[in-house]
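Throw the hints in and build the complete structure from the sequences for me.
So that you can map any letter, position 51 of the sequence shown is 50 in numbering that gives the first Met the number 0, and since no number is skipped, the others follow by simple counting.
Calculated directly from the structure, the hints in this document are not laboratory data.
There's no promise every hint is true.
[To be verified] Below, simulated DSS-like cross-link-like pairs (lysine-lysine); rule was C-alpha separation at most 27 Å, straight line:
| no. | residue 1 | residue 2 |
| --- | --- | --- |
| 1 | 52 | 23 |
| 2 | 37 | 85 |
| 3 | 23 | 53 |
| 4 | 85 | 18 |
| 5 | 103 | 53 |
| 6 | 85 | 52 |
| 7 | 85 | 23 |
| 8 | 53 | 85 |
| 9 | 6 | 23 |
| 10 | 37 | 52 |
| 11 | 53 | 6 |
| 12 | 103 | 18 |
| 13 | 47 | 98 |
| 14 | 18 | 6 |
| 15 | 103 | 37 |
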Amino acid sequence: MPIDYKKTNAPVTTITWDKNELSKDTGNLYESIVIIAKRANQISSEMKEELNKKLQEFASFTDNLEEVFENREQIEISRFYERLPKPTAIAAQEFVEGKIYYRKPEEEVKE
0 MPIDYKKTNA
10 PVTTITWDKN
20 ELSKDTGNLY
30 ESIVIIAKRA
40 NQISSEMKEE
50 LNKKLQEFAS
60 FTDNLEEVFE
70 NREQIEISRF
80 YERLPKPTAI
90 AAQEFVEGKI
100 YYRKPEEEVK
110 E
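Here you go:
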């Protein structure tokens, strides 16, 4: 299920997170950071795949007069993705809002 990045309320610029807020669900700041980092990698991969699919539509192997117009469209698509919040910001926002599912396999084995 693709994510609608336009609807995220993640910050576009760098912000300072409250370490207590980040660690309240896991009880460990570093564990929270690992979860956020793994989610950020997923988001980054999804965004890259989506961008590549959109830019692939412009791939042509012949030169033509419409190339300048197509380049403008490619630039607009690229700029849209550049203006989006970074994957780490989206992941951190999702984590704070409780939208990330995670589990601890080592605790499941003990039960």
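Q.
Let me make sure I understand: some of the numbered hints might not hold for this structure. Which ones are they, in numerical order?
A. 1, 3 and 5
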